[in-house]
Amino acid sequence: MPRTIEADVVIIGGGISSAMVAERIAEDTEASIAVIEAGNRIFDFENRFNTRRRFLDYGENPYHGDHIPGHDCKNAQSRSMSVGGLAMHWGGTTPRYSPEDFRLRSLFGVGADWPISYDDLDPFYQEAEERIGVAGEQGPPEYDPRSGGYPMDPLPTSYNLGLAKEWAEKSGIPYWRNPVSKNSRPWRGRRECIRCDTCSICPTGAKYSPDFTFQSLLEAGRITLHDRTMVRRLVPKADSDAIGQADAFHRDDPDDPVTIRARHFVLAAGYAWSSHLLLMSAGGRFPDGIANRSGTVGRFITGHRWVNAFVSVPMRLYPGVYGSDSLLSKRFQHQDDEAQPDGKYIRHDLRIWESDRGKRARLRDDNGNLLLGDAALNDWRRRIETGSLRMRGYYDVIPARESALTLEPNRKNPWGDPLPRIDFVDDPVSAELRGYTEAKIEERFRRILTAGGGAMLNISFASDYDHPGGGCRMGDDPDDSVVDAWGRAHDHENLWIAGAPTIVGSGCNNGTLTFAALSLRTASRLAGEL
Amino acid sequence: MDCLMSADTPSGSGPSSRRKFLKTSGAVVAAVAAPAGAAAKAAQESQALNLSLDLPLLHAFAEAVLPEEIGADGVRDALRDFVTWLNGFEPVAELPHPYLSSVEVQYGPPHPAPRWASQLQALDLLATREHGMPFAELPVATRRELIAADLERHDAGPDFPRPAYAGHVAVGLLARFYSRPRTADLAYGARINARACRDLASGATMPEPLATTEAQN
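As you go down the protein sequences, you meet chains R and C in turn.
So the first sequence is numbered by our numbering: it starts at 1 and just counts up by one.
So the second sequence is numbered by our numbering: it starts at 1 and just counts up by one.
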């Protein structure tokens, strides 16, 4: 049976950006808000100790059904799709981007400047940190500027990470704690972290996930939530370029159309599905897709690559207490002669985690002999006299215009709609510097090893982009961007795009906090129009 | 309640008192396991498939592959944990989506119990043919030789997989044993207690050493 959903504000997508927009609009206005999510609603907090146990014992998915069979984006970061999005099972790591990330063209002559500065975003970073609850340690101000303190003190440094910090800083490189959205004290109705160390399935709610926000808004009667509802087209009004409706269907009744009407539409479907919907909506006066007069929808898909190393270190560590906690250094994201010693564009962060690489029990020794009985335990004891750590550097990659999400006409979902694919393409500057960058990061790993002692066990280099975003990048020029500095589509006055799709670059750090901050900034402007 | 790991499968003629104890302990394990939800469903499905490992035979097997230093109590504890784990196994379970990949949802392996049960039975037959007595009655060193030869035939690799993916029952048992936090504590000689939820401050200090009695147990 055909159905209609109407609200002042309709938010398409149910991840962390959607949660931020919904919460802010709900607080600032009396507007009615509807959230539309294609995936399932998995509000099963009470089961999470059990699902955690099964995750540990059997490796099972703790979020059963968090995907849509046959509905995927090739080369996307994850298959997961449900209310809460990827931030249901994220690690909760919440560094900010650096001020330099917003001014690459001005400072380094590469890539593009954002239409906003770090200072413009700083209050929304702060707001995002308050809303989701971030515990952090102030780093050196020159590398980690903030206008305010973290909402919560950092979680206590684990024994292993404390030793790792002393070891790494012998190199002269400063490290501090990577901030996390995990409560070091009770926060907004969620309890203090008890270090279960399975942050992808936090059984206590100490790690933020968007389901908490949505449930709170539902209980307060401030939103309606329509899960299993797939939007397949945005339709402009006949007499203006404003969006008049969204055409959708419920996955339980795919033959019955669902018409969605709103004064304002907010597209908060992540970097892949936001561009996908805009391109799927091509037709009539918009033959290349909605919001795509610039031809940049789906383009400039951005992200960063990593260099990853496992190292053996001359100290006894006890892995298994809090392995998800990490050290961070933004020393080489800064602009100075030590960070860019050869005048070439190179910027990366540095991370350290505890590890048990090379320190696990095993069935055969180095000579291939079977280890049965006491032999295995003795072999294990011998090898854990020293510890191991994981080091990583995420380095900035400038995306090319051809780094794009496109529709694959011959690959369709179960409802006949073409599925997207992403092809990551480096800007020529980054392509040319890739080998240099990876070698320089390895050199810096070895500098740390030389100073602190130890040996490289393994080093690897990412092929694809991590922490991706883009596809609807923001800019002042409507010919070269999809949305303005507030996230409003240049082409449609009542269409807003929130979070990940709007970023210009991915810098060197995890993106989720930035996506949340950008979403709050968009919501602040939208709220003023309601 | 029926038990996946019932001791009813003939396995030769072990001492009756020992068999009685092991039958009892198997039942206790089943009761302790008393699974709920998915685990219960998995256990029922397993029973429907008439899966069973010979518990006395498995015990004799475990004595030959687990560290001697854990003693008889340690072997029983490891077996109890292994059986509980196996009872709760759900075949072809939905797995987490791999990070940085858009591949279709993946599912886990089928139930390993039939494969492992047949391996145990084969070892028992082999023991009888080569040594003229059931596997469980062989000296530990001889049992270990038979198992080692079988592992070589199975081309078991150097590292432990997740237990359910183990091609050989010895690898499955050992993989489970060595993935247990208490085994790690034994190796490190410290009370790390990995995977346990704990108060915030407690992870900031070096884990306390295991008491001598804990290490022995």
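The set of hints was computed from the structure by calculation and includes no laboratory data.
Small disclaimer: the values here were computed from a predicted structure and weren't measured.
Heads up, the beta-carbon is just placed ideally off N, CA and C, and yes, glycines get one too.
Take these hints with a grain of salt, some might be off.
For each label pair, taking beta carbons as the anchor points, the in silico distance ranges come out as [to be verified]:
no.	chain 1	residue 1	chain 2	residue 2	range
1	R	PHE461	C	VAL92	49 to 55 Å
2	R	ASN369	C	TYR165	49 to 55 Å
3	R	ASP255	C	ASP199	53 to 59 Å
4	R	SER147	C	ASP77	54 to 60 Å
5	R	ALA282	C	TYR165	44 to 50 Å
If you want a taste of the chain R side facing chain C, the calculated C-beta under 7 Å gives, among others [claimed, not checked]:
no.	residue
6	GLY59
7	GLU60
8	ILE68
9	HIS71
10	ASP72
11	GLN77
12	SER78
13	ARG79
14	ARG191
15	GLY358
16	LEU372
17	ASP374
18	TRP380
19	ARG381
20	LEU433
21	TYR436
Indices of hints not satisfied (ascending): Result: hints 1, 2, 8, 9, 14, 15, 20, 21 break, sorted rising.
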